[in-house]
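S.K.: Sequence:
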Amino acid sequence: MSMKKHLLTLALDLLMTTGAFAQVEFVDAYGNVIPDGSTIVRNTIETPLDLPFGKNQQINSGISAKNTSNAAVSVKCQLDVTELPFGQVALCFPGTCWVNVGDFTGTYPTHKPTQANLAADGPWTSPTAGTLAAGASESLQTEWVISRLQVVQWDGSIGGFTATYSLVVNDQKVRTIKVYYTTDQNASGIAGVKANDSKKTIVARFNAAGQQVSASHKGLTLVKYADGTTKKVVIK
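So this note's numbering is basically just the index in the sequence shown, starting at one, shifted up by 1.
Think of the hints as simulated: they come from the structure by calculation, not from any bench.
In this text the structure is predicted, and so the values were computed from the model without any measurement.
Any given hint might turn out to be false.
Quick list of in silico lysine-lysine cross-link-like pairs, BS3-like style, CA-CA up to 25 Å [said to hold, decoys possible]:
#1 K113 x K174
#2 K67 x K179
#3 K225 x K77
#4 K179 x K225
Could you put together the complete structure from these sequences and hints?
M.R.: What follows is the structure, given as structure tokens:
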């Protein structure tokens with residue numbers, strides 16, 4: 002290959018890579034872009050099902066992939082995790098639940114997937130790509146399940162782990178973020194991103210029992226902001 006053709010190939014590769022970076026972003030539940038390289042904290046425990054004999058409980062990531070270009074793009078997703086103390090983390094993007102780490106009743110801590118076709122150690126990449134239409138967003142459908150009805154119930158233990166998510170376009174990782182999932186209600190924030198809490202939009206307030214309260218509530222309050230972060234405050 003001549004030097005001229007070699008330089009042209011490099012230029013085209015660079016152009017394709019730059020385009021891929023501009024095509025997709027991680028966004029939170031409110032559509033805000035999560036900066037590449039960020040670590041976000043998730044510690045809000047949801048209870049989708051609460052019955053006299055047990056509950057389903059989870060900590061949802063609230064993360065989606067968004068196509069910011071004016072054309073459809075094919076995207077894969079990659080996951081890696083540190084040691085889970087208990088429960089299970091699942092990833093159902095694109096299109097199907099293709100990886101689950103932790104089986105609820107096995108040995109913990111663990112970082113091994115339950116799928117026999119996946120390697121024991123990550124990172125793992127989705128076997129197929131999903132197509133995102135221009136301007137479209139799709140949830141990663143990824144959460145840390147800490148209670149599964151009729152299987153295991155969370156005992157209130159404090160624990161956490163880090164999941165690393167990457168969006169892959171044209172076999173290249175174009176966006177990567179980390180999510181620190183924890184049952185510690187004191188944890189909050191986005192690492193590497195400075196924000197003035199007084200200028201952030203509050204979307205909800207919760208008491209120590211996890212019940213939503215009004216702005217006039219006194220005492221220990223967990224404040225949730227529009228960017229997905231939370232902060233523990235004492236209102237007198």
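S.K.: Hey, K179 versus K225, does the alpha-carbon distance stay inside 25 Å?
M.R.: With Cα atoms ~19 Å apart, K179 and K225 stay inside 25 Å; holds.
S.K.: When you check the alpha-carbon spacing of K67 and K179, does it fall within 25 Å?
M.R.: Given pair K67, K179 holds - Cα atoms ~17 Å apart, limit 25 Å.
S.K.: With the threshold set at 25 Å, check whether the alpha-carbon distance from K225 to K77 stays at or below it.
M.R.: Given pair K225, K77 is violated - Cα atoms ~30 Å apart, limit 25 Å.
S.K.: So if I understand the rule, the pair passes when the alpha-carbon distance is 25 Å or less; does K113 with K174 pass?
M.R.: Judged against 25 Å, a Cα distance of about 22 Å means the pair holds.
In this structure, the one hint that does not hold is number 3.
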